[in-house]
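Undergrad: Below, each chain spelled out in residue letters.
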Amino acid sequence: MRVLLTGGSACGKSTYAEQLVSALPQPRYYLATMRPYDAESLVKIARHQQMRRDKGFISVERDVDVAAVELKPGATVLLECLCNLTANELFDEQCAVDAAAYERILAALASLEERCDNLVVVTNDVGSGSPDAYNTSTRHYVETLGRLNAAVAARFDEVYELVCGIPLRLKG
Amino acid sequence: MILVIGAAASGKREYVRFLGYTDEQVTDAALSIPSGCAGGISTDGVTAPASDGVTALAPDGVTAFVRDDTRPVLVNLHELVFAAPAAAPDLLELLLTRELVTCDEVGSGVIPGEPRARAAREASGRLCNQLAQQAEKVVRLVAGIPIVIKG
Chain A
1 MRVLLTGGSA CGKSTYAEQL VSALPQPRYY LATMRPYDAE SLVKIARHQQ
51 MRRDKGFISV ERDVDVAAVE LKPGATVLLE CLCNLTANEL FDEQCAVDAA
101 AYERILAALA SLEERCDNLV VVTNDVGSGS PDAYNTSTRH YVETLGRLNA
151 AVAARFDEVY ELVCGIPLRL KG
Chain B
1 MILVIGAAAS GKREYVRFLG YTDEQVTDAA LSIPSGCAGG ISTDGVTAPA
51 SDGVTALAPD GVTAFVRDDT RPVLVNLHEL VFAAPAAAPD LLELLLTREL
101 VTCDEVGSGV IPGEPRARAA REASGRLCNQ LAQQAEKVVR LVAGIPIVIK
151 G
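These protein sequence lines map, in sequence, to chains A and B.
Each residue of the first sequence is one higher than the last, beginning at 1 in our numbering.
Each residue of the second sequence is one higher than the last, beginning at 1 in our numbering.
Please note: incorrect hints may appear among the correct ones.
Unchecked claim - DSS-like mimics (lysine-lysine), calculated; alpha carbons at most 30 Å apart, straight line:
id: 1; chain 1: A; residue 1: Lys171; chain 2: A; residue 2: Lys72
id: 2; chain 1: B; residue 1: Lys150; chain 2: A; residue 2: Lys55
id: 3; chain 1: B; residue 1: Lys150; chain 2: A; residue 2: Lys44
id: 4; chain 1: A; residue 1: Lys72; chain 2: B; residue 2: Lys137
To be verified - Chain A regions said to be covered by chain B (calculated; three or more residues, Cβ under 8 Å):
id: 5; stretch: 10–21
id: 6; stretch: 154–167
Hint data in this document are derived by calculation from the structure and do not stem from the laboratory.
Every value quoted in this text rests on a predicted model; they were computed, and no experiment measured them.
Where is the CB? At the ideal position from N, CA and C, for every residue including glycine.
Could you build the full structure based on these sequences and the hints that come with them?
TA: Structural data, given as structure tokens:
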């Protein structure tokens, strides 16, 4: 089963994702893509670690190249989240855009899909803001993540939008 | 309690009127916050964006405001949260005593660069998740169309 969960910030995606994955077979991997670059991100990572404590996850922290993650047969994978992975793959340390990131991320997700029984991917809706408010790099990010979301949704079995913690079924 | 959510100007206030509530029964958080505060209103009545340079309201003041106001409907809840993100957890029980609460969905778009705006967005989202969990009904307005997503 392949499931994509989308929605805005703090709409309950992570809570729902962990509930969903907790009901799926072991071994369960939590593939964390957030890069711990400042105090705020460390707080966020600690909050997510607390949320999944005692839920039987094997935690793997991987901010790029998720295709390199080794999985046991029959794995269930929760990838949290595609928006961080996209930023990490798209920009280098000088914030230069890597145009190959889109294809690289899609290929990495395909590699995960081939090697696990269940894959749940959390993403974000970042395309609803005004493009005038963003610089060129951010517009690249919005476009890349939007295209990735559409491509992943097209090939996944189920897609949900989380609104106030309520899952709205969009596909499947 | 009925929770009504949706994008800015998606028809939430019209929906409140459609349900039969008069303006006298409605507390508008956007009109209750002093100008110059985060998320407060400017002189032309247009909501100003929250930013680091804007004064925040004291959380206690926001909590007291919600506690002391007895009207059955509160609209523009996100304005209160943007004015005092730290007050959000304390508002939950107070808001559950209302008949209806409306809040803008503020979590879409790219994550804001300003820490305060990020915190306010997160606080607003989490408060709405908790309200939705306990609400009898949750209605999402899209282009003026009410879509019941719970209840």
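Undergrad: Hints first: check each against the structure and report whether it holds.
TA: Okay, the hints, checked on the actual structure:
| no. | hint | verdict |
| --- | --- | --- |
| 1 | A:Lys171 <-> A:Lys72 | holds (29 Å) |
| 2 | B:Lys150 <-> A:Lys55 | holds (28 Å) |
| 3 | B:Lys150 <-> A:Lys44 | holds (29 Å) |
| 4 | A:Lys72 <-> B:Lys137 | violated (43 Å) |
| 5 | 10–21 | holds (count 4) |
| 6 | 154–167 | holds (count 4) |
When each numbered hint is compared with the structure, a violation occurs for hint 4 only.
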